[in-house]
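Single-letter residue listing:
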Amino acid sequence: MPELKITTKIIDHDITLIRLVGFLDAHTFEELDVVINDLFEKNIHKIVADLSALEYISSAGAGVFIGALAAAQENSGNIILAAANENIHEVFDLLGLTQIFTMTDSVETAAKAFECNA
Amino acid sequence: MKIAHHAHKDIVIPNSTRHLVTVRQAVFDVIQESGFPEHEMLRIALAIDEALSNIMEHAFETENLKAELTINLSLDADEEKFEALILDSGKEFDPGEIESPDILTHVASGQKTGLGIFLMRQVMNEVKYTFVSGFRNELRMIKYAHDFKTKGATNAGTQDHYQNH
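Residue numbers (this note's numbering), protein chains in the order written: chain A, 709 to 826; chain B, 2 to 166.
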């Protein structure tokens, strides 16, 4: 079983969902970096990250979201983190990132957050 | 009834991040065997993951030797205390010299790295670094089951000790 599985799906005309399954650490973070940069190159800057099946994240993984946040926001987008379990949420909390990222309980709520700010 | 006792594990880790998942599982095993509070398990595994990731990223400069080098990790735990000792023969690196970042500034600048040591300090009660000149780095990290037993440490902060020999 791969340590990290990433799938992407368009959930609205300009919102893309990235679903992460497994472990996002110093070994796997570059895979997510590639996917996000690929979306940016396609001028997609509204991203919902579905973290419901993410089992683990370290600072290397969180760093990908940090690195991408400013670029997304500068292009009228955002990166919204959805459905993180308690453990994942705690890592963002330890890093002080819950005050910076929009974190929602579900993908649906995240998508609505984009619609409200459109 | 769960019988708690001292648990110990020594691991030699090849210098590759693909082994981090194995190390985290070893931390889980030691904590579960020892009786140390399991709600700390993930946080401690995270702190050790961060320390090892940092060593793998920075300690060994010679690219063609990187894969051959190893890191020694020793885990000890009982109901009261979890201790990890990490030994590597890479270049001297003192995490005490790294200041904790201002997270707002860090994010605004779009920096992807530099938060691992901050996380180590957030989680562990003590982080002790020793450099044995020409030989090795020793990083000892301690977490107490009850933080009030940490002498001189504040609730929010880690007590750092750094020595050079």
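Treat the hints as calculated values from the structure; they're not laboratory data.
Just so it is clear, the structure is predicted and the values come from calculations on it, not from any experiment.
We put the CB at the ideal spot given by N, CA and C, even for glycine.
A couple of the hints might just be wrong.
Capping the alpha-carbon separation at 25 Å, the derived lysine to aspartate or glutamate pairs in DMTMM-like fashion look like this [as the list claims (entries may be wrong)]: (1) 10/B with 127/B; (2) 113/B with 798/A; (3) 113/B with 823/A; (4) 129/B with 41/B; (5) 113/B with 738/A; (6) 113/B with 763/A; (7) 129/B with 711/A; (8) 750/A with 798/A; (9) 113/B with 746/A; (10) 129/B with 80/B; (11) 113/B with 749/A; (12) 113/B with 794/A; (13) 10/B with 711/A; (14) 92/B with 41/B; (15) 82/B with 798/A; (16) 113/B with 98/B; (17) 129/B with 100/B; (18) 113/B with 81/B; (19) 717/A with 816/A; (20) 82/B with 801/A; (21) 713/A with 77/B; (22) 750/A with 794/A; (23) 820/A with 711/A; (24) 820/A with 738/A; (25) 113/B with 720/A; (26) 82/B with 58/B; (27) 750/A with 801/A; (28) 113/B with 782/A; (29) 129/B with 722/A; (30) 820/A with 794/A.
Output of the computed footprint for chain B on chain A, the stretches with three or more beta carbons under 8 Å from beta carbons of chain B [stated by the list, open to error]: (31) 762-772; (32) 781-792.
Chain A is faced by these chain B residues, among others (derived, beta-carbon under 10 Å) [claimed, not checked]: (33) 13; (34) 15; (35) 17; (36) 21; (37) 44; (38) 51; (39) 82; (40) 105.
For each hint, the structure was consulted:
Pair hint residue 10/B plus residue 127/B holds up; C-alpha atoms about 20 Å apart against a cutoff of 25 Å. Among the hinted pairs, residue 113/B with residue 798/A is consistent with the structure: their alpha-carbon atoms are about 19 Å apart, no more than 25 Å. The straight-line distance between the Cα atoms of residue 113/B and residue 823/A is roughly 28 Å, outside the 25 Å bound, and the hint therefore fails. With a C-alpha separation of about 20 Å, the suggested pair residue 129/B and residue 41/B falls inside the 25 Å cut-off, and the hint holds.
A C-alpha spacing of about 11 Å is found between residue 113/B and residue 738/A, which places the hinted pair at or below 25 Å, so the restraint holds. A distance of roughly 20 Å separates the Cα atoms of residue 113/B and residue 763/A; the hinted pair therefore holds under the 25 Å criterion. Our distance criterion of 25 Å between C-alpha atoms is broken by residue 129/B and residue 711/A, whose separation comes to about 31 Å. For a cut-off of 25 Å, the pair hint linking residue 750/A to residue 798/A is broken: about 32 Å separates their Cα positions.
Proximity of residue 113/B to residue 746/A is assessed by CA-CA distance (about 17 Å); at most 25 Å being required, the pair is judged to hold. At roughly 21 Å between alpha-carbon atoms, residue 129/B and residue 80/B fall within 25 Å of each other, so this suggested pair holds. Our distance criterion of 25 Å between C-alpha atoms is met by residue 113/B and residue 749/A, whose separation comes to about 19 Å. The hinted pair formed by residue 113/B and residue 794/A meets the criterion: a straight-line CA distance of about 23 Å does not exceed 25 Å.
A hinted pair counts as satisfied when its Cα atoms are at most 25 Å apart, and residue 10/B with residue 711/A qualifies at roughly 24 Å. About 31 Å separates the Cα atoms of residue 92/B and residue 41/B, which puts this hinted pair outside 25 Å; it is violated. Taken as a hint, the residue 82/B and residue 798/A pair is honoured in the structure, with Cα atoms around 22 Å apart against an allowance of 25 Å. Restraint check for residue 113/B and residue 98/B: satisfied, since their Cα atoms lie roughly 19 Å apart, inside the 25 Å limit.
Pair hint residue 129/B plus residue 100/B holds up; C-alpha atoms about 15 Å apart against a cutoff of 25 Å. Taken as a hint, the residue 113/B and residue 81/B pair is broken in the structure, with Cα atoms around 35 Å apart against an allowance of 25 Å. Pair hint residue 717/A plus residue 816/A holds up; C-alpha atoms about 13 Å apart against a cutoff of 25 Å. With a C-alpha separation of about 24 Å, the suggested pair residue 82/B and residue 801/A falls inside the 25 Å cut-off, and the hint holds.
Taking the CA atoms of residue 713/A and residue 77/B, the gap is about 33 Å. The hint is violated against a cut of 25 Å. Between residue 750/A and residue 794/A, the direct Cα distance comes to roughly 33 Å. Violation of the 25 Å bound is thereby established for this hinted pair. For the hint linking residue 820/A to residue 711/A, the alpha-carbon distance of about 30 Å lies beyond 25 Å, and the restraint is violated. Taking the CA atoms of residue 820/A and residue 738/A, the gap is near 29 Å; set against the 25 Å cutoff, the hint is violated.
Taken as a hint, the residue 113/B and residue 720/A pair is broken in the structure, with Cα atoms around 28 Å apart against an allowance of 25 Å. The straight-line distance between the Cα atoms of residue 82/B and residue 58/B is roughly 29 Å, outside the 25 Å bound, and the hint therefore fails. For the proposed pair residue 750/A and residue 801/A, the alpha carbon gap of about 31 Å is over 25 Å, so the pair is violated. At most 25 Å may separate the alpha-carbon atoms for a hinted pair to count; residue 113/B and residue 782/A meet this at roughly 17 Å.
Proximity of residue 129/B to residue 722/A is assessed by CA-CA distance (about 49 Å); at most 25 Å being required, the pair is judged violated. Between the alpha carbons of residue 820/A and residue 794/A the distance comes to roughly 22 Å, so the proposed pair stays at or under 25 Å and holds. Counting residues of the region 762-772 of chain A whose CB lies closer than 8 Å to any CB of chain B gives 7, which reaches the minimum of 3, so the coverage claim holds. Taking a C-beta to C-beta cut-off of 8 Å, the region 781-792 of chain A contributes 0 residues in contact with chain B, too few for the three needed, and the coverage statement is violated.
The closest approach between the C-beta of residue 13/B and any C-beta of chain A is roughly 18 Å, which is over the 10 Å cut-off, so the hint fails. Interface hint at residue 15/B: violated, since its Cβ lies 12 Å from the closest Cβ of chain A, which is beyond the 10 Å cut-off. At a threshold of 10 Å, the smallest CB-CB gap from residue 17/B to chain A is about 8 Å, leaving the interface hint in force. The closest approach between the C-beta of residue 21/B and any C-beta of chain A is roughly 5 Å, which is under the 10 Å cut-off, so the hint is satisfied.
Taking 10 Å as the C-beta cut-off, the interface hint given for residue 44/B holds, the closest approach to chain A being about 7 Å. Hint status for residue 51/B: holds, given a least beta-carbon distance of 6 Å to chain A, under 10 Å. Annotation: residue 82/B was flagged as interfacial toward chain A, and the flag is violated, the nearest CB pair being 21 Å apart, outside 10 Å. This hint holds: residue 105/B has a C-beta 7 Å from the nearest C-beta of chain A, less than the 10 Å allowed.
Violated hints, in rising order: 3, 7, 8, 14, 18, 21, 22, 23, 24, 25, 26, 27, 29, 32, 33, 34, 39; the structure is consistent with all others.
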